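Colleague: Going down the list, the sequences are from chains P and H.
Letter 171 of the first sequence, counting from 1, is numbered 179 in the numbering used here, and no numbers are missing.
Letter 76 of the second sequence, counting from 1, is numbered 100 in the numbering used here, and no numbers are missing.
Hint data in this document are derived by calculation from the structure and do not stem from the laboratory.
Being a predicted model, the structure only gives us computed values, none of them experimental.
A virtual CB, placed ideally from N, CA and C, is assigned to each residue, including glycine.
Hints may be right or wrong, so weigh each one.
[As the list claims (entries may be wrong)] Listed next, the stretches of chain P that the computed footprint assigns to chain H, with coverage defined by at least 3 CB atoms under 8 Å from CB atoms of chain H: (1) 81-91; (2) 105-113; (3) 128-139; (4) 153-162.
[As the list claims (entries may be wrong)] Ranges of calculated distance between the beta carbons of each label pair, as one might list FRET restraints: (5) H:204 to P:189: 42 to 50 Å; (6) P:57 to H:100: 17 to 25 Å; (7) P:179 to H:150: 49 to 57 Å; (8) P:110 to H:89: 17 to 25 Å; (9) P:81 to H:264: 51 to 59 Å; (10) H:212 to P:186: 53 to 61 Å; (11) P:68 to H:340: 54 to 62 Å; (12) P:63 to H:212: 42 to 50 Å; (13) H:308 to P:185: 37 to 45 Å; (14) H:74 to P:110: 26 to 34 Å; (15) P:63 to H:150: 44 to 52 Å; (16) P:57 to H:82: 29 to 37 Å.
The residues making up each chain are set out below.
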Amino acid sequence: MKHVKKIAIMTTLLASSLVITACNETPPAKAGIPPKLYTDSLFAVMNADRANYTKLIIQRLGPNGAGAIKPDEHWKEIENGALLPAQMFRAGSEAVAEVTDEFTYSLQSLWPINKQNAPKTPLEEEGLQYTVDNPGENFYGEEKLGDVTYFTAVYPDVAVSPACTTCHNDHKDSPRTDFDIGDVMGGVVIRVPL
Amino acid sequence: MRKFIWATWILVTLAIAGYYGYILLKADNKQALLIGETSHGHFQIELACSSCHTEAFGGPELIQEACAGCHGAELAEANDTHPKKKFTDPRNADRLSVVDARYCVSCHTEHHREITAPMGVTLPEDYCFHCHTDVGDDRESHRDLAFDSCASAGCHNYHDNRALFEDFLVHNHSGPWLKEMARLTNPNGAAMLASKHVPEQQPTFPEQKKAHPDIHQAWSGSSHADAGVDCGGCHSDASSNEWLEKPGIAQCQTCHIHEAESYKSGKHGMRLAQSLPAIRPADSTMSFKETALSLQQGCNSCHSAHRTDTLFAASEACLTCHNDDHSRGFDSSPHGQLLTQAIAGAIPVEQAVSCATCHMPRAENIVDGETVVQVNHNQNHNLRPNEKMIRPVCMQCHNLGFSIDALADPALIRNNFNGKPATHIPSIDWSLKRVAD
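Starting from the given sequences, assemble the full structure and let the hints guide the process.
Modeller: Next comes the structure, spelled out in structure tokens:
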């Protein structure tokens with residue numbers, strides 16, 4: 009009888025501790041910004057910066073403005089050379105990658121001038137195709153790269169000026185030469201580890 | 025018996041631990057800790073372990089920081105074609121699982137000289153294959169090329185393609201193989217600094233001048249005299265006016281700061297940057313003259329103390345030690361003949377081509393709005409891969425095509441460019457064809 013009592017007490021204590029432990033291990037409700045809102049916000053900043061660089065620097069100071077700078081693919085090679093808006097965007101992405109791995113972004117296309125900017129993962133390809141097939145819509149999904157699962161968002165990159173279409177249509181490495189204003193030329197891919 | 029074995033084992037273990045503990049923490053010479061022969065680029069400083077292993081348990085990030093600390097600026101200047109930042113995007117995860125290109129040591133493993141190829145590469149030469157497998161689909165000309173030829177045939181480099189990228193090839197495809205002779209610009213960096221750093225009141229040491237009239241005579245015709253650097257400018261340190269019998273790099277770099285810094289970045293001076301004794305030819309596995317094996321390298325090895333004869337420093341000084349085919353071929357080469365003519369007064373000295381013209385080139389930099397011409401004393405700055413030499417050096421007198429062909433011909437390099445290239449690198453032809461198509 010004595011042993012039965014001991015076992016009963018021990019069992020009760022064990023059960024209590026398990027309940028307490030289980031309660032403690034219950035993950036707290038996820039707080040913070042939802043990934044979609046996070047990537048949408050990042051894209052808003054990126055898009056605004058690129059539009060401003062194009063409008064306030066390249067158009068104002070370039071050949072169509074004051075003629076003080078020369079936007080060029082090989083900008084380092086020429087005096088007063090300036091980065092093309094797409095290169096400026098990429099420079100921003102590389103600079104961000106040097107300070108954080110909490111998110112990454114890149115400019116990609118199904119018809120890239122530089123083959124390294126073609127989609128690499130199935131989700132990138134699906135997302136870029138989606139933005140072409142569904143003008144005005146973004147694409148969101150999840151993918152696993154290495155051992156990490158990412159939230160991946162793809163935002164359409166639309167040709168907004170003749171400079172975009174002319175450069176891509178005339179470039180010797182461009183696989184597509186019939187871009188018009190308003191066409192989706194590629195996409196901004198933002199990736200956040202979950 | 026068992027007690028004896030245990031006691032012996034403990035004693036031996038303690039002895040080994042004590043020996044390596046002493047080497048690690050106390051000994052000046054840490055040779056015993058080396059785990060293998062270091063590469064030709066690092067053997068000079070292999071005993072300064074902490075120059076790379078900045079902390080004992082830092083992991084790859086700290087090693088990477090050490091690599092970038094010495095090589096980062098140079099790679100940035102070279103518009104590095106494969107910087108770390110290109111590989112940090114997770115979309116490259118599959119590539120990194122094959123070659124982790126975020127870290128220098130993935131391709132340049134140290135302490136494995138037995139597998140170290142040119143450029144310090146420790147991967148098999150066809151490493152480009154891993155990411156550029158389908159290059160033949162985009163470039164018909166590349167379809168049947170072997171992947172071990174990408175970076176070894178004079179067409180591409182992994183890091184520095186400033187003279188090899190397609191648009192540059194196209195824009196510089198023409199011109200005679202030998203252009204009008206260029207003229208070297210006279211360096212002015214140190215002279216500009218002298219006015220800022222040499223105090224107006226220098227100890228003049230009249231007794232030394234009296235005791236060494238020949239030296240004083242030699243000095244009076246030197247650029248040091250022109251710049252107002254008296255005996256005390258070098259033969260005393262900043263903290264005292266005491267006579268300093270043998271000034272070293274610490275005194276030289278008062279005015280020659282750029283030269284000293286670049287010297288300490290190169291193979292001649294990199295030991296000094298780590299506070300190690302200066303290197304001697306005997307420390308290297310390269311071919312040097314027997315008579316020079318024990319000469320410790322410093323400013324005075326090439327620059328005579330009082331005559332400041334840069335023509336001697338630019339060529340004859342090099343040949344005091346260097347004894348390989350390329351060095352021995354210099355005097356009879358077309359470049360060496362120009363130097364001979366300049367020394368004889370047949371052509372202006374500025375048109376002479378010396379060892380330093382190519383290996384320690386002069387560069388114009390804008391400092392505080394002024395154009396400063398400085399000699400880069402890092403002999404390794406444009407040495408490897410040798411295509412780094414094309415734009416700042418070769419193309420001053422030759423066209424791009426000739427320069428590429430010449431630097432891709434090992435036999436021509438060995439005889440110091442005594443003749444024409446035996447091979448032709450088709451990269452310009454292919455680029456022009458692609459543009460035409």
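Colleague: List, from low to high, the hint numbers that the structure doesn't satisfy.
Modeller: 7, 13
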